[in-house]
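Using the sequences plus the hints, can you model the full thing?
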Amino acid sequence: MNSSPRPINNYESYHAHVYFNDSTESLAQQIYTSIDKEFNFDLGRIHLKPVGPHTQWMFQVAFTANDFETFINWLESNRQDLSILIHPLSGDNYQDHSEHAQWLGQKLELDLKIFEH
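Residues 1 to 117, numbered by the UniProt record's numbering, are exactly what the sequence shown covers, in order.
Mixed in with the good hints there might be a few duds.
Here are the simulated lysine-lysine pairs, DSSO-like style, with alpha carbons at most 27 Å apart [what the hints assert, rightly or not]:
#, residue 1, residue 2
1, Lys113, Lys37
2, Lys107, Lys49
3, Lys37, Lys49
Derived by calculation from the structure, the hints in this document are not laboratory data.
Remember, it's a predicted structure, so these values are computed and weren't measured experimentally.
Next up, the structure:
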């Protein structure tokens, strides 16, 4: 169930962080493979440990405003119960991961201490 409002396209470029754990790793791998086949996006590595401000396993997808609607619709249709952070690349990492952060699914806690603010 989507507990957050639908993400809004207000910036030029974005990251999506798809979160998963050991019980949902197979689904995350399937989503990763599908994104790689269906879109021409830069895909980050699949992280099986928390990295940066991310407190759960995840992988990152870089995309632009031109692809926003299509990709958000695709994610909504394919994510099942996985939580996905959508944030802009405004140049302010703290704001991007806090006030500008938008979610598909359950909002997760991030470790924002790594960003000087």
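Next item on the list: For the pair we were handed, Lys37 and Lys49, check the Cα-Cα distance against 27 Å.
Entry: With a Cα-Cα distance of about 25 Å, the restraint between Lys37 and Lys49 holds, given a limit of 27 Å.
Notebook entry, point to check: Given the hint that Lys113 pairs with Lys37, does the C-alpha gap stay at or below 27 Å?
Noted result: violated, 35 Å
Notebook entry, point to check: Is Lys107 close enough to Lys49, meaning Cα to Cα at most 27 Å?
Noted result: At roughly 18 Å apart (the allowed maximum being 27 Å), Lys49 and Lys107 satisfy the hint.
In summary, the one numbered hint that this structure violates is 1.
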